[in-house]
Amino acid sequence: DAGVIQSPRHEVTEMGQEVTLRCKPISGHDYLFWYRQTMMRGLELLIYFNNNVPIDDSGMPEDRFSAKMPNASFSTLKIQPSEPRDSAVYFCAIRSGELSSYNEQFFGPGTRLTVL
Amino acid sequence: QQQVKQSPQSLIVQKGGISIINCAYENTAFDYFPWYQQFPGKGPALLIAIRPDVSEKKEGRFTISFNKSAKQFSLHIMDSQPGDSATYFCAVLGPGAGSYQLTFGKGTKLSVIP
Chain A
1 DAGVIQSPRH EVTEMGQEVT LRCKPISGHD YLFWYRQTMM RGLELLIYFN
51 NNVPIDDSGM PEDRFSAKMP NASFSTLKIQ PSEPRDSAVY FCAIRSGELS
101 SYNEQFFGPG TRLTVL
Chain B
1 QQQVKQSPQS LIVQKGGISI INCAYENTAF DYFPWYQQFP GKGPALLIAI
51 RPDVSEKKEG RFTISFNKSA KQFSLHIMDS QPGDSATYFC AVLGPGAGSY
101 QLTFGKGTKL SVIP
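Residue numbers (the working numbering), protein chains in the order written: chain A, 1 to 116; chain B, 1 to 114.
Treat the hints with caution; some may be incorrect.
[Said to hold, decoys possible] Across the chosen pairs, the derived CB separations fall in these ranges:
no.	chain 1	residue 1	chain 2	residue 2	range
1	A	66	B	65	38 to 44 Å
2	B	31	A	41	23 to 29 Å
3	A	112	B	58	33 to 39 Å
4	B	69	A	85	37 to 43 Å
5	A	50	B	3	20 to 26 Å
6	A	61	B	65	21 to 27 Å
It should be emphasised that the hints constitute simulated quantities derived from the structure, not laboratory data.
Each residue gets a CB set at the ideal place from its N, CA and C atoms; glycine is no exception.
Model the full structure from these sequences, guided by the hints.
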C-alpha cells in the first residue's frame with residue numbers, strides 16, 4: 001500500500017446519509033484514480049485525475065457520486081445520498097514516476113463502506 | 001461489453017504445482033498487460049507486466065505468456081506456494097496512446113494447499 005493513505009478504513013452508515021472518502025497520496029504522482037470493488041462487478045474505475053484535473057468520470061455510477069481533487073495531496077469521493085447498493089470497497093490509486101518508471105498503479109489499502 | 005475476460009474464477013493447486021490463469025481481450029489498441037495480486041484486506045499490487053512486442057516475460061516463479069494474434073495472455077506461477085494464495089487480476093491499459101486507464105478482469109481466487 002505504498003504511496004497512498006486512505007481514510008476511513010471502515011465506514012458504516014445508514015441509507016440516505018452523506019459519505020466522504022478521503023485519499024492522500026504520499027508520493028509524487030501525475031495520475032490519481034478512484035476504483036470500486038464488489039464481488040459481483042469486480043474492480044471498476046470510477047474516475048481519474050491528471051495533475052488534479054478530472055479526465056474521465058464515465059465510470060461514476062450516478063449523480064449521487066462526486067469526486068474532487070483540490071490539490072496534489074488530497075482527493076475526496078463523496079456519495080450523497082448513500083444507498084445499500086453502494087456498499088463496496090473503494091480504492092484510491094496513483095501513477096507515480098517517482099515510484100516506478102512504468103504504467104504501474106499504486107493502490108491504497110481501501111475503504112470498506114457498508115450502507116445499511 | 002466486457003473488455004477483459006478472465007478465467008477461471010477460482011483455482012486450487014497443490015503446493016509445488018503450476019497455477020495458470022488466462023485472460024482474453026477484444027481491443028487491439030491495448031498496449032500494456034499487467035497482472036495484479038491482491039491479499040485479503042489489502043489493495044491490489046502489481047505483480048508482473050508485459051508489452052505486446054514480446055511473447056513472454058519471466059520474473060522469478062512468475063511468467064506472462066502473450067499471444068497477440070489470439071488476443072490472449074496468461075499468468076503462470078511455477079512451484080506454487082501457500083503464500084501465493086491470493087486473488088489475481090489481469091488488466092489492460094488503454095486504449096490509445098497516452099491513456100493510463102486500466103480495465104481489470106473479474107479476478108481469480110487462487111488457493112495453494114500444502
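Hint check:
no.: 1; hint: A:66 <-> B:65: 38 to 44 Å; verdict: holds, 42 Å
no.: 2; hint: B:31 <-> A:41: 23 to 29 Å; verdict: holds, 25 Å
no.: 3; hint: A:112 <-> B:58: 33 to 39 Å; verdict: holds, 35 Å
no.: 4; hint: B:69 <-> A:85: 37 to 43 Å; verdict: holds, 40 Å
no.: 5; hint: A:50 <-> B:3: 20 to 26 Å; verdict: holds, 21 Å
no.: 6; hint: A:61 <-> B:65: 21 to 27 Å; verdict: violated, 35 Å
Going through the hint list in order, the structure does not satisfy hint 6, though it satisfies all others.
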